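Chemist: Listed below are the residues making up each chain.
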Amino acid sequence: MKFTAEIDVMPRPELLDPQGKAVLLGLEHLGLDQIGNVRIGKHITLQLEAENEEIAREKVEKACSKLLANLIMESYTYALEQQ
Amino acid sequence: MKFGVVVFPGSNCDQDLVDAISIGMQQEVVKLWHKSHDLQGCDFILLPGGFSYGDYLRSGAIARISPIMQEVVQHANSGGYVMGICNGFQILTEAGLLPGALLRNVNQKFICDNVYIKPATTNLLPTRLLDLNKAYKIPVAHGEGRYHADTDTLKRLHDNDQIMFKYSSNAAETHELYNVNGSLLNIAGVSNEKKNVFGMMPHPERAVDPELGNTDGRAIFESIVELVNA
Amino acid sequence: MFIHYKSQTNVEQHTTVETARKLGLLEEEFERIKQILGRTPNFTELSIFSVMWSEHCSYKNSIVWLKTLPKSSPRILAEAGEENAGLVDIGDGYACSFKIESHNHPSAIEPYQGAATGVGGINRDIFTMGARPIAQLNSLRFGNIHSEKTQRLLRGVVKGIGDYGNAFGIPTVGGELFFDECYNINPLVNAFSAGIVKVGQTASATSYGAGNPVFIVGSATGKDGIHGAAFASKDITEDSVNDLPSVQVGDPFQEKLLLEASLEIIQSGDLIGIQDMGAAGITCSTSEMSAKGEHGMDIWLDKVPMRQANMVPFEILLSESQERMLIVMKKGAEQTIKDICDKWDLYCEQIGVVTEGGQLRYYQNGELVAEVPANDLVLGGGAPVYHREYREPAYFSEAKKFNIDEVEEPEDLQAVAEFLATHPNIASKRWVYRQYDSMVGTATMSTNAPADAAVVKVKGTDKSIVVTVDCNSRYVHADPEQGCAIAVAEAARNIVCAGGEPVAITNCLNFGNPYVPEVYWQFVGAIKGMKKACEALGTPVTGGNVSFYNQSSDEGPVFPTPTIGMLGIMEKKDNKMTLAFQQAGDAIYMLGEAQNDIASSEYLYSYHNVKLSPAPYFNMESELNVQAAVKELIADKLIQSAHDVADGGLYITLLESAMPNELGFDVETDKNYRKDAYLFGESQSRIVVSVAPGKQEAFEKALQNKQVTFKKLGVVTRHDCHIDGVLFHGISVAKKHYDTALEQILE
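Protein chains in written order, with the working numbering: chain C, -7 to 75; chain D, -14 to 215; chain U, -19 to 727.
Rather than coming from a laboratory, the hints here were simulated on the basis of the structure.
Restraint ranges, calculated between C-beta atoms of paired labels, are given here:
{"id": "1", "chain 1": "C", "residue 1": "Ala71", "chain 2": "U", "residue 2": "Asp319", "range": "44 to 50 angstroms"}
{"id": "2", "chain 1": "C", "residue 1": "Gln75", "chain 2": "D", "residue 2": "Ser63", "range": "51 to 57 angstroms"}
{"id": "3", "chain 1": "C", "residue 1": "Gln75", "chain 2": "D", "residue 2": "Asp116", "range": "57 to 63 angstroms"}
Note that this is a predicted model, so its numbers are computed, not measured. Just so you know, even glycine gets a beta-carbon here, dropped at the ideal spot from N, CA and C.
Isolated chain C, as found in the complex:
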């Protein structure tokens, strides 16, 4: 079976996100106030083949936890869809 995974990797909520903070300053320069807590992560898509959904999940989990996200700094979520 073929699957597509849509993965979001985000800085862990309790950690400082310097990038989000600097972007917030820029948004203020654009006159967009009342915006807060900007946090910036990565969106990753990938395709994979697996015998069933459970195995596909395992593969995606492994990809996320071993490479795509640094679990000390980041957390991830994903959606899996069969093609």
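Following the hints, position chains D and U against chain C.
Modeler: Same frame as chain C, but now just chains D and U:
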């Protein structure tokens, strides 16, 4: 001739530029704060290197919406001279004053090194006094300096003599081998169509002071100073 | 005094010896805290003591020995321990503030952020003195370079240092990188920074004047870096423990703004005192500044700008969120500091007030949550001081049995030369330093003409500072006393070769567990050697830091690594000396005596795999004579280049001098020594210089009445490296191999 160096939060080559112009070239220069809307009557605006807003999101993306950029754009649109070096170049492309974009270096790393560049034309203000057959040793220090533009733009740049510098060997050969960051056509610097806005990744201000053992950058500043004064 | 404590969810207020132990305190220390307070501390108070009495803040296991080090000279404006960093008068109304600090354990957990925040921390120490940083260096040690783990750590650390330092905008001008299995688990990341300030415009980490406002400036406070281990107990909190990150995230952009704002605040003239918040956060800065100024503070924790909701007092007090400063201003100057911080888009919040007496009172929403006497928390006040037991380890006498005659001399010395030239410990560190901006600031004089130490202009004067970090930890392991003396001597030698005058050092003392007597013996030996060398060279110690508990994979300690950061001054820029040969035809001389010695050399250790031998030959008197001679030769403009003989021995020294201008050399060895020892031995106090043909007579004459051995080795040639007529290397090939050896492994 009065130079103005814009200081953004995170700029860190502003003082180097001021030193190169005031001590090296003996010209009048002031710093312009990014929150101000006043160019203080400067004729030539310089956007310095550094990491404006930490280079977060994309290099130059946040700096280009700083208050003073409204005046810089106006200055450029009315024919005034503007030049960006390194981060300044990135800001000018984000602001749409220069064509193209600067992507992450092809080796995915920050690169600080002495490299050679060769002027591609002498029809631009900063290259007027340069030797077309000579390579100039100018330092680079950037993580995102790979020049990119679509084919049409590249053709226009070429046809209209807007390519200012190309990365080269010390013998001025512009072979791909000497392309330090993977830029298209080895491009190290360009101008806009009206030839009053310039951008380059290498740092000529780091090659002005004889005590540092490299003065190859002086010729670029001399070109600017002499022609504007003439 | 009766204190009413508000009960808090999830935080146990009653403390016992068991709580103390979990926080890393000894039973006797807990008893002492009860004595100081006259009652049992609550949890917040106990947390405060636990961090302030940790080795990191109190130096309790090292201070007895650190105090034996020389710390004064007419140039020293701030002695070790007085301020955040040492301060040295460099003349003409200027001073240099410099310091080195470790960030080993954070880098082992998260190399990128660990190294980045190390760079941030050391720079804050410099600019809180009022000095603008102008030069950064780093000293890195990793395990086996071929292991995946080491490569991951190395890539992360180098990128972390580069990204932070480059964006902060201060050049990284030098450093060292060393690999050995003993650092497999526990890499060492030591960061050095030096800054310049006008004498009289410096700031102090102090607080006084009851009623003066206390501000926190910079980033908001989150739960960063609160020592996870100490709190990993269900007794303390029920669910918040797991989300306490031990990783601090660095923001160089914020640091750059904080630098500019801090310097403006200091120059406003309305400042009382300033200290950065590194280890132990608000706790450390409030207590150290108050103790120094002999006052107290009332601090309102609810006023601290916070990044996260529901932080309890101990978390706010201990948070190590980066890029923050504690600042005490003169009363009435509240608007001054606010305007400066507004300009730089920084948080600036008054969080308290200076009080009479020495008590620190921390309030949360009007409730007193902790009260402790400042002086009892700090080094030199009530913090405990221990004399630790030490014992000579068995390996030490074992190493002394080494005999060079048991090592067979290889027939193919060209192969040894190639092996050493491409060994990761000797080969070019280009892969690393190309990722660091070494030229921002337009003051680095050692980029276009490389030298044994980095030379950075002090703009506005004719002076330059000359800086280096050095330590061959293999020598220190072989013989802590001798090895550490060598580290100091080599640092001074490098500065002299670059044209500077050594003036002071800072140290970063990386050792294993101090409770192990054999480890403590290494520490004591190193301090003794450092003392001896610093006295002989006239370079007092201005401070630094101690990092214990650096362990290797088999639970043994890493090599004892007392990294020396040395500051030199070059009065006139035309005194600058390069290590590079200048033209073919120049004569090559060696100053200092050769020895039949290969002990602890890279050659013996890596080529012959002999892991145990004494430190290389070293004699302080010869060292002083050689350095004095080279200083004179440079001042009299008699030499073209100077390069000390270090790792890899004479051959590597010659090669390193030949490569920058792609020249060669033709050198004869001395038949009185084993050829391998002559070429690859690392006996100390030797410097290779080159002399233009027209100057040879004057050169030899200048040395004739000096107490220094010198010998003509040969001549600089166009491109080939010959030893006794045999071609060892063609220079372009050698340079390519040397420059790309690390890349070959890492890319």
